[in-house]
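Peer 1: Respectively, the protein sequence lines represent chains A and B.
Just so it is clear: in the first sequence, position 79 is 79 by full-length UniProt numbering, and no numbers are missing.
Just so it is clear: in the second sequence, position 403 is 403 by full-length UniProt numbering, and no numbers are missing.
Honestly, the hints are just simulated from the structure, not real lab data.
Glycine is no exception: its CB is placed at the ideal position from the N, C-alpha and C atoms.
The following residues of chain A were derived to be distant from chain B, with all beta-carbon distances above 10 Å:
1. Thr46
2. Gly132
3. Pro251
4. Phe749
5. Ala808
When the alpha-carbon atoms are kept at most 30 Å apart in a straight line, the in silico DSS-like pairs for lysine-lysine are as follows:
6. Lys318/B / Lys181/A
7. Lys191/B / Lys271/A
8. Lys271/A / Lys188/A
9. Lys110/A / Lys179/A
10. Lys459/A / Lys551/A
11. Lys271/A / Lys276/B
12. Lys671/B / Lys315/A
13. Lys271/A / Lys181/A
14. Lys276/B / Lys207/A
15. Lys318/B / Lys188/A
16. Lys276/B / Lys181/A
17. Lys235/B / Lys219/A
18. Lys181/A / Lys230/A
19. Lys110/A / Lys276/B
20. Lys229/A / Lys178/A
21. Lys110/A / Lys229/A
22. Lys671/B / Lys219/A
23. Lys423/B / Lys486/B
24. Lys343/B / Lys580/B
25. Lys179/A / Lys230/A
26. Lys179/A / Lys276/B
27. Lys276/B / Lys230/A
28. Lys271/A / Lys235/B
29. Lys271/A / Lys318/B
30. Lys330/B / Lys219/A
31. Lys271/A / Lys229/A
32. Lys276/B / Lys219/A
33. Lys672/B / Lys219/A
34. Lys466/B / Lys423/B
35. Lys360/B / Lys580/B
36. Lys230/A / Lys318/B
Label pairs and their calculated CB-CB ranges:
37. Ser242/A / Leu664/B: 30 to 40 Å
38. Asp659/B / Glu189/A: 28 to 38 Å
39. Arg180/B / Ser242/A: 44 to 54 Å
Below, each chain spelled out in residue letters.
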Amino acid sequence: MVEHGDIRVVHCGGSKLNFRDPVITHDSRFLLCASGEAVKVFSTSTEECIHELRGHTGLVTGVLLRPSNHLQVYSSSLDGTVRLWDFTDGILIKTCVIGYPIYSFYASAKHENIFVFAERFQLVAVHLPQSGDQLVEARELSAVLSGVNPNPAAIAFGRGGEFIASVNDLQLEVYFFKKQKSYRFFLKEDNKKGGWNTFTCVACHPKDDCIATGHEDGKIRLWRNFNHKKEYTYSTLHWHHSAVSSLCFTPEGTNLLSGGVESVLIQWRYKQESERDFLPRLGAAITHITVSPDGSLFCTSHSDNKITIIQSCVKVSAVIQGLVKGDSIRTDLMMDPRSKALVLNGKPGHLQFYSLQRDKLLYNLDIVQQEYIHESGLQQFEVVKAAFDASGLWLATVEERHQKAAELELNLKLWAFDEQTQSFVLNTTISAPHDAQITAMSFRQTADSQTTLLVSTSKDGHFKAWQLAAPAHTEDYIQSVNCPSWLCDFVGAYHGLVPECCSFSADGSLLAVAFQEVVTVWSPATWELTFFFFSPPSISDLCFGRLSCSKYLLGTTASNLLCCWNLLTCSCKTSPCIKVLSTQNFFCDSLNRFISLFLSFLLSVFVFKPSEPRPLFSRKAVCSGKVTQAVFAPREEMLESCEESSQWLNRSQLYFLTQQMDLMTFTTKAEEDRLLASSKQLVIDDSVAMTPFYLLLGKHRQQQQEHRDSDSSLWAERTALPQTSASIKELLQTPAHVLPSTSYLCSMFVQSLLISVSDARSAHAEEEMESEKEEEDSEEEMESSRSKPELVAAATESDAPALTKAQARELRRVRKLDHSWLAGLLDS
Amino acid sequence: MGEFKVHRVRFFDYMPSAIRTMAFNSQTERLAVARADGAVEIFNFNDNFFQEKVIPGQDGRAIEALCWVGHRLFSAGLNGEITEYDLENLRPQYTVDAYGGPIWTISSNSQGTQLAVGCEDGTVKIFAILEERIQFQRNLNRHKGRIISLCWHPSSAQIAAGMTDMITIYDAETGQATRRLLVDRAMGASKNKEVVVWSVGYLSDHTIISGDSAGKVQIWNGLTGTLVRTYLVTKWDVLSLIINASQDESSVIAGTSEGTVIQFQFISSTLDQHDKEWVRTRTFRNHSHDVSALAHTDTAVVSGGMDTQLVVRPLLDKVEKNTQESALRKIAFPHRSLVGCAKKAGLLLFQFPDRLELWKLGESEGHGEQHTHTHTLGEDHICCSALSACGGWLAYSTVSSVRLYRIQYNKTISINKVPKLPKELRSVHQLCFSSDSSKLFASSCQSSVIVVAVSQQECRYLHTLKHKTGEWKARMHLLCASDDGKWLATANTDCEIHIYNLHKMKLHCMVPVYNSCPTTIAIHPVTNNLISVHADQQIFEFSLVQKEYTQWSRRLQTQGLLSLWLERDTPITHITFNPKNPDHIILHDTYMFCIIDQSLPFPELNAVLWNQMTLKNLPVSQRIGQSHAFKICKIFQHLMCVSLLEDLSLVVVERPLLDIMSQLPAPVRQKKFAT
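Chain A on its own, in the form it takes in the complex (with noise of 0.2 Å):
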């Protein structure tokens, strides 16, 4: 096996937002949230990431404003590290090594120290050494709890800091700081009314002594008196019907926020408890609910990965939306050609479109159209397939009910793509289009799109293909609008047995429907059973290779073999064929000629050329936990990367998701690289206060930024500013006192906008030198605007990948300048 040291996995966005309780900032402006291994500052007003603040090595566990400056944050992580954060500048300032996993971690205003989870249940209290360097490591510790759950609601500080609440299965502690004693109050196990008393969270009002404690069985009680052993008392509120999965205290204490899986925000009024307000329909369950520290802004985490900016707890202002995760993906991974989006199951009967590039979820289609209801053991309609044709006009999707008693419920519906409101539009409604699931589907993979063609694939034995019709023009049928719709137009069967996969050739000449253990080919233009082979094993998966190896077809067997038949010499070829353990799936890349392929107990990746038995990279290990999908999303750019061993990224980038629903993708050193530079040098303008000044300077600099963004290839390398720019610097800058007379300035200033033209030079070389300024600016532009010397250069770039690109510059001056003496040469 090849060893490839400069492709890592990483996690590849669409990590959980709701992992633990996001923070918003004092002045209300950002929202900082746990994601993956970065923390994410999201704008509260726009709901755009401004930045991530990425430097841990581990999952994030927590999020804390430090309570000393509330310009710094401090985050945790599973790597062992405590870092504190700049979230403004998105600048590390600190990281203070503490040696163990942290879990979670809080802080209160009153304590120096901050207080971690750590291994073995318990609650350390950690000095943070105050030195000025970057790198410290904290050696005091001091455990103050034991026995502690290990999520992070069921610790809350109490009024001051004077005292720490915890809370696990039925007990609820408090510990007082001054007094070093701690208190402990238990709950029977569950009550004559079968409630469950298990404690879920824990809050503290910040002004009295109260205690708020989450229950099982959804009560809310309120602690009072609890510095007594036996006289400690408690009121009970009872709203929600199943667990309190957060509580929180408004920063004055004057209402209770309180949530769980009924997706109601409640109020509840502090001491007039008979009194709430709620906030009904969020969507999903709530799993965090926090409070900025003015109290304006109410946020809530949900279950489907969603955050919910809540203004004074009536009004949704916004809606930061990750990648929902299900609880399986039922259809698989696919990318829609037209956006490039990522799809998959999303909110229950929901297809969901994720920008891979920039981190953000599109839209939702909502395939099933019927309410859901919120209630286990309901069996609801299920998006199971999906599918698009080559140009992205054209969804197929298949939605399934199967009721233990009652027949299988089963729909497939066709979606056009609407040009006008750019979303989706159904088209086709077909129920029950077989007796049984529907195993595969197909679009035929052509580029024209006039004659679509889809094939299902059914346990009760059949495939059918279905095609675009016209309406038949009768009398009897008035249709307001004369669209096309999909009918069934060949129904095709192989000795009564089950086809399981399909598949279409490259050029949409060929159909492969594998049939057990037969794999047989057919001609989609004629209906006619072209040849079949014959694989002892039955046939799990089937995929025709694309452009040089379209006379390629690839099928996984369920004895674990990978079989490829090559189609030109028309026989049951199996030449390259690989035995492998067991191979989970197989995943084909559409620009590339590379498939990958996962083996679920070695947990590794192989990709390869059909062509070549050898794998071009494979990979062991490369998460924790089984790979359940992976799909091939092609890159908006190019990738130069000269190393042969990853080639196979320049186009494409392969992601993945694991059991636990990870999105992770392989990346190249280079790429990391490029990726870091550029999060570094970004300067948040949302930073920058709205003064008047700011809006001469501040809209300039939006322009620059613009400016900026058009190329990023460029972007890191770049260092002087443009020269027009530096002369209004100046202009602005200097001190108004020592500024010469307006007349010597305005001459300065408009010569300064001038181009150069003071070298009586010939036509061609200003040419040159305006194009010089260009391809500093832009080399994208560059290449737009020049035509055939870019060419040629083009032409070089992509023979010779090996050069560097300082060396191509070079290159492609001495190119242009040869060439216009060149001409000058010639014409006289």
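For this one, chain A is given, so just place chain B on it according to the hints.
Peer 2: Showing chain B alone in chain A's frame:
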């Protein structure tokens, strides 16, 4: 243990009446409970919540309020009268008409010198409490509208009176109203309905707490007359509210129409500081209907209402946890037997407040014959009844009179009143026939037992049994005659048990006094040992001949009773014996009956009492190892009586609580989740 043919009797449709009000005397630890039929029950909280005394009710007497003044108990009702009770002879001592229309409330000041009553006509009348009676003193200034609730300030200088739509504070000296606190009406549709202040409390720091028909508990500053805080606790009425006045006034409980009891506590909002405020804390939900009566003892919340059960809910912060004290108690049935059984004739006598029912047990195919005898004498309710073992005689007594009936049974039952009764039989507390039905024993006032010979021809007074001349003793609540007709045992509420020799007609001996009241006594037919069971569940066996506790009883006391036995919360109300096996004693409480086999060893203190079914499945050798004296059967629930007839068939009288519940009026409508 043996097998019995069981008569499972479920036709005793005993219906307890609703609890109307209650008052707790913290000095004597007695709780007085008034029921809707006018009966007053006295529970001794020092003695396992034993129902010591029952003053039978009267038609037309509806008690609205009860009030303890020292050891004296006063009641007032809608008939406009104030009644003081004779707690020894269990009858009203005297009544005084207040002349103010129906009386809604009665309250005494903390010194116990004055009694204030609130009347329908809007007056608060002050009565002076004298040695033997009460005397009208004066009226406070009259207001329009009825006085619903009253509370004295602990200094006795002010009285707070709850009326409709307002609370008035009176100066007790001058009788002037010093302040009026206007109470808000309910919001919404019932805005036009006037709000009734059902209950009011006056704390020593001049805080007034009120509960009203709009569902609010309000806390007022009595000095300034300002509203401090409103708690909306229910959609319906807050019917009752009580302060733990005997303690530090730091807790208030309020009962609502929804059946909930809500506690408010005076708590400092931040620890270690003294600025306290009232906070709603716990909610107890033990009732299905209105909670109209509440009492706050030092350690528990006692509540009662429409659903007829008395619930003692210990406050867990005041009692030791996981002890018997911390268990919730529901008292649903009276702590005495209401069923009489004629063992030889197979007759059952059911005692209702206003009538008696006589039933004949049928054969194996089920139902018994019924013959109902309805009593309509006057307005007084029945206080006790007895049926002779042969089934030939029936006697019952009210507060004022005794009646005796001759029952003849030939195909049809004929009941004939015995016309002339000796005039000594006038007011009795307990009746009992001798086993040969020739004598009737009646415990009378002055703690004497009147012996009357009954025969076909005549009814003749024989003798009065007295233990000591001139000594005033508590009344006897239990009587028991031995089978051979030689012995009579009596027990009184001072926990004394006396044995009389009926041949000599004099006191034989006195059983050593135990500190818990006997709940039932019985004399063994063979050995003539007296078995007594007490309110704290202890069992004693006393040999009448040797005048000492038997060996079995001593062994039982040295080894101690099972914790499972001691933790039961209903008293044993009846004992019978197995004529076939003299070792067997059959006794029962509400939830089980038990056969104690005196020949078998006692179980270990913490032993698990095996179910008879599991024991049956064990191999014989193990089963013998497991066998012990206590054999408990819980097949039958809510037992009113378990008795063994002569033909060795067991009569089990059940009164399922569900049947009682189903006969109650519908509770107030509440929104139930998911309905």
